[in-house]
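Visitor: Go by the hints and put chains L and G onto chain P.
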Amino acid sequence: MKMKRRLKRRPTAGSEAKAYENIEVSQVVQENLEHLKNILGESMDVKILFFSDRPIPFVVCFIEGLVNKQQIDLSILQPIHDWQDGEEDVIPEKLISQIEVSSAVSKHQLFGHIITPVLKGQVAVFVDGANTAYTIPLEFFPTRGIDEPESQTTVRGPREGFIETLQINTTLLRRRISNPQLRFKSLQVGNITKTSVLVAYMKNKADQQVLNEVMNRLHNLDTEKVFEGGMIEELIDENGYTPFPTFQSTERPDIAAAALAEGKIVIMMEGTPFVLVTPVTFISFFQAAEDYYSHYDLSILVRLIRLLSFGISIALPGVFIAVTSFHQELIPPNLLISLAAQREGVPFPAFMEALIMEVIFEILREAGIRMPRPIGSAVSIVGAIVIGESAVAAGLVSPAIVIVVSLTAISSFVSPYYAFSGAARLLRFLLMVLAASVGMYGIIIFMLALFIHLCSLTSMGRPYFTSMAPFTDEQDDTMLRLPFWWKNTKFYKKWKSQS
Amino acid sequence: MSHKLNQWQLLLLTISFLVGSSLLLAPNLTSFYSEQDAWLSMIIALAVGLILNWLWIYLLSLYQYQSIFVIVEKAAGKWIGGLVSLLIVFYALHLCSYVVRNVSNFMISAVLPDTNAWTFQIMLILVSLYTCYYGLSNIARVNEFLNPIMAALFLVSLLLTLNRFELHNLKPFLQQPPKNILQGAYTTTGFPFIEVILLGTVFTYVSKKKNLIKTYLSAIGISGAILLVTIIIVVGCDGYYLVSRNTFPTFELMRAINVVKLLERIEVLVGVVWIVGIFTKIALCFYAGLMGLQHVSKHHRYRTFLLPAGLLVWAMSNHEHSNTMEFTDFVAKNWTLWWFTLYIILIVVMLIGIMRKKNKPPQS
Amino acid sequence: MKKSISLLLVIVCLLLFTGCNGRRELNELLIVSSLGIDLAKNGETEVHLQVVNPGGMAGNQGGAPSGGSGGAVYTYSIKGATVYEAIQKAGQIVPRYLMFSHINSLVIGEDFARKKGIRPIFDFVERNHEFRETVPMFIAKDSMAKDILTLFTPIFKNPGESLNNRLDLSALSTGLSEGVQEKEVVRWEFGEKRDPAIPGVKVFHKSPKGDETSILDGIKANNKTFIITGTALFKKDKLVGWMNGGESKGWAMITGKTNELSIFTKTCGKKKGHLGFVAKEINTKVKPVIKGDHISFDVHVTGKGYLQEVTCNVNVGDPMELKKMEGYISKVVEDEINQAVQKAQAKKADVFGFGRLLNENHPEIWKVKEDQWKQEFAKVKVRPIAKITLVTTGARIETVNQQKK
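Residue numbers (full-length UniProt numbering), protein chains in the order written: chain P, 1 to 499; chain L, 1 to 364; chain G, 1 to 405.
Chain P extracted, bound-state conformation (with noise of 0.2 Å):
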């Protein structure tokens, strides 16, 4: 119902700012100009030339900065000239065949066709005599070079990270699976940025049921303005309300390979190196590009590693708080004394406590962020004497919580995706507050909370934690990764064909 709402199309807005999407391309040029100077305005980098003194008229319109001069010199002026200068019978429709590109020049007769491609880069010719336009793609404006990603690490494996421009990314992509079922779909996403976006496939793998779903849902999307994947993942999300991601970002060429090579969908934009994968489960949150690049013994430890430190930087305050303000029987004797040592003289409650170094912890952390890299090292060193020493000098914490949170904290680190760790600290807030006022029987309540949510979540339509509930018989890469080998296997062939 929610999702019914969301999607449904506005009213258009400013109906005359879009008349001009139906303007007919005339015959006469001197129109044409005009138009083209209603439309675009005197914006400075709008360079509209007027060929007015030759055999045929025409008019070039282009962005500058957006397309490469250069070869608008070279293979659109020049040939025109020549070819005006040297032939006799010069018609307006021979004009167009004169220039020299190697991709397709397209013709329009309207200019609401013409206008946006002109704005993503594309020279616009208008021939005196013709009622048709030409958009001719000469894009070329500077991009960042192809760099390591930053927010997905490896030791091992590939250092490309997709970069800001659509077009490098899709050379990415094709790079590592040349094959022809890899499909790229183009649509235009916001009112105000008509902002390229791809939907990557493969034809032969993707479920035909999701890629509709997809693509419908990108279709029916109605905002002014997208920037990044976030504002899509937020805008097409079929869930209520979830503090899980339900769509995997990521900036490394070889996961999105990966994920296409497995039949999932790539959602990629202009303008971020962030790509969207989707359908996703729970268990693909904890599953990084590593694992198949190293002996499949580590990736399992390494899996099962993130698995628990995920539960950990949930929980681990939650049941701290619980167990010395709950259950002190559960603490053997000898440690229990020793909390107890600590929290002598501690003024607050041990959920307050772990409250302050909680939000200490995160205020810390988003300063570290958001700071200009150079001052960001003072604010690690400022935290960590204020968490490390002084809060426990000054009597305000027990040196216990410390470990806590600050394992709580390195915990939530481990995800190789960062988005899911943001999970884990929202819960992990509610989940505090459970365990200070029932102790473990909150925990368990909230957990049981948190299972039900996560069963009732999908992905496209797709249950969201699969592979553990509904539980399904391929298990070969969830919780473990098993050997490449292992669907080779005589036993898992005799398995396969009992069941």
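None of these hints come from the bench; they were simulated from the model. Heads up, some of the hints might be wrong.
[Stated by the list, open to error] Straight-line C-alpha distance at most 27 Å; calculated DSS-like pairs for lysine-lysine:
| id | chain 1 | residue 1 | chain 2 | residue 2 |
| --- | --- | --- | --- | --- |
| 1 | L | K214 | P | K494 |
| 2 | L | K179 | G | K369 |
| 3 | P | K494 | L | K210 |
| 4 | L | K171 | G | K193 |
| 5 | G | K146 | G | K193 |
| 6 | G | K238 | G | K374 |
| 7 | G | K79 | G | K209 |
| 8 | G | K367 | L | K179 |
| 9 | G | K285 | L | K171 |
| 10 | G | K146 | G | K115 |
| 11 | P | K494 | L | K208 |
| 12 | G | K291 | L | K171 |
| 13 | G | K79 | L | K171 |
| 14 | L | K171 | G | K115 |
| 15 | G | K374 | G | K348 |
| 16 | G | K369 | L | K171 |
Bear in mind the structure is a predicted one, so any value in this text is a computation, not a measurement.
Guide: Structure of chains L and G alone, referenced to chain P:
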């Protein structure tokens, strides 16, 4: 809201339903009467349970495993069928309130005596309603995920107690008068083996119904075996005298675990296992009640009834019995007959339906 | 929608607030490490609560910001008609909530055990949800529980822990490695109609300053330590006598409470000197033997011996000699068992659970004998059959005490 499950999920649901609440109570209920021969009571109860449930599911299979509410309506007509449906709803919610009360009794007598019982009740009811909100698929999935984990936890904690197991606590064998043994079996027949007929509302959603009888009966067999092993270990470790006086003997047994001074006081593990199992049971009771209400009121979904049912169960759980002993006494003396009444009513209705040839699927 | 959300919020808030009732911070707790029970002069019950002072216990640990002084434990004593009443009254003299879940030992004064019996203790201990039922019980031999609980001990700052740990250490000489748990006593006495036996403890050398921390300063340790000595015999719930060291070992072996103990012979057959052994993996099987109306019990003890000390002139390297040694130790084991049985029979206290055994194996005979079992028990014949095999002689073969010709 979707209601779908496969046979594996059904198996686990049935096990959770049966084992969940009996895990802590069965050793006491049986050994209270049959002392060291408690295991024999359990075997008898299991055998009786298997027979009763076989009849039950066989009759259901003659109706192509339709929902029990549909069956009674077909078999007994709109009015009587509606009344019987409401009776089932009442039984389901009544059982639910008992289970809820059981949890709060446990919490206030063994874990957190200073906390208000309402807290435990309301939290558990809310979380069960939360899963019912999403439908049977959700209950089945949550249980499918948690049940094996809980089973592993329970198994580990049982293994840790084995070093204190002494066979002589179970001796002398078979010295109790048959009356006592049957008395012990009587209680555990109703709780949990007859209660489980509430799952009659669930079978219709199983995707592939082939071998359903086998799955269901083996689930009962497995649960019975789990309970039996639990009883043997609990009595074998602590002796019947401690067990028969103890409200939650399994929990008490885990209290004494002490392995190299490291694993001490891990009874909370068994507490967790128990509460998770009981959660499934409560959710299923709610589900059965809600489906009945949905059927009787001809709604196409039951979300309207969620909150009222929850409130009703909460109120019932507090007002049925004033203290824990009255509660236990009722369960020990009347529970089996109370549920057997419903069993007989339903069996009779179904038999009448078969005689009236109402069990054939409508020709289409 | 809004209404239901606000309703939900109210419920959640209510839940959270009512929930907080059970919460107790660590610095609101007083950890009781051992409980002592004595008979007061006026016939009331006197309860001693030895509580831990975390600051004093943790000492100069980095964490403790303040406090960190005073003794490691303190003992509060208070009188009441019952154990529970006394503990409730203690609420008036202790500054924090008493927590029993970490209790290390339950010490009962001999007077109390003799005159009042131990039965009045159990109900409270069992009913309380915090109390550990596995707590080991001790009887303060020839003294009050108070004497045991008002002594500062070195090495272990917590005397309760020190006492508890001793069971493990003294396992070799008393045969009791886990002590006797409260739960067992209840099961024996009320479930199996068997008389309990509980290890005794006393202060080794009494010292007037035992209850001051200053006693910890001196180097002499004998005046600040306990000794586990003997085992108290009970008839029903009343103490009727004591078994000495050897008898205790015998008791431990018959009841299967031990799996490792030391055996010490007075002679080497006919030669002068001693033999010291540790016997491990001791396994006991008791079988009732019925011959007509006559009941006797066979006690089979098997185990593995490890030679520790030889002070007589024997050739340890000779396998025949070792066979003889096995005979000597088995003899000692049998003697100890016999002594224990004689002591118990003299007091008519079936501390071995022979009655229970009879019931297990021959329930029909038990039904006849049950009523006059106490008299029957005093006449029962017990035949110990020990078979301790020598496994190794330790790090040396021949002893320096061997005089070669």
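Visitor: Can the restraint linking K146(G) and K193(G) be considered satisfied, given a maximum Cα separation of 27 Å?
Guide: violated, 30 Å
Visitor: Is the straight-line distance between the alpha-carbon of K494(P) and that of K210(L) 27 Å or less?
Guide: This hinted pair holds, its Cα atoms lying about 23 Å apart.
Visitor: Run the distance test for K79(G) versus K209(G): straight-line Cα separation, threshold 27 Å.
Guide: holds, 24 Å
Visitor: Holds or violated: K494(P) with K208(L), Cα cutoff 27 Å?
Guide: holds, 23 Å
Visitor: Does the structure keep K374(G) and K348(G) at a Cα separation of 27 Å or less?
Guide: Holds - the C-alpha atoms of K348(G) and K374(G) are around 6 Å apart, at most 27 Å.
Visitor: Does K179(L) sit within 27 Å of K367(G), going by the straight-line distance between their CA atoms?
Guide: Judged against 27 Å, a Cα distance of about 18 Å means the pair holds.
Visitor: Would the hint linking K179(L) and K369(G) be met if the CA-CA limit is 27 Å?
Guide: holds, 24 Å
Visitor: Would you check the hint for K79(G) and K171(L), treating anything up to 27 Å between C-alpha atoms as holding?
Guide: Roughly 42 Å between the alpha carbons, so the hint for K79(G) and K171(L) is violated.
Visitor: K171(L) and K115(G) were given as a pair; does the straight-line alpha-carbon distance stay at or below 27 Å?
Guide: Roughly 34 Å between the alpha carbons, so the hint for K171(L) and K115(G) is violated.
Visitor: Can the restraint linking K171(L) and K193(G) be considered satisfied, given a maximum Cα separation of 27 Å?
Guide: holds, 14 Å
Visitor: Does K171(L) lie within 27 Å of K369(G) when you go C-alpha to C-alpha?
Guide: holds, 18 Å
Visitor: Can you confirm whether the C-alpha distance between K291(G) and K171(L) stays at or below 27 Å?
Guide: Distance of about 22 Å is within 27 Å: holds.
Hint check: violations occur at hints 5, 13 and 14; the rest are consistent with the structure.
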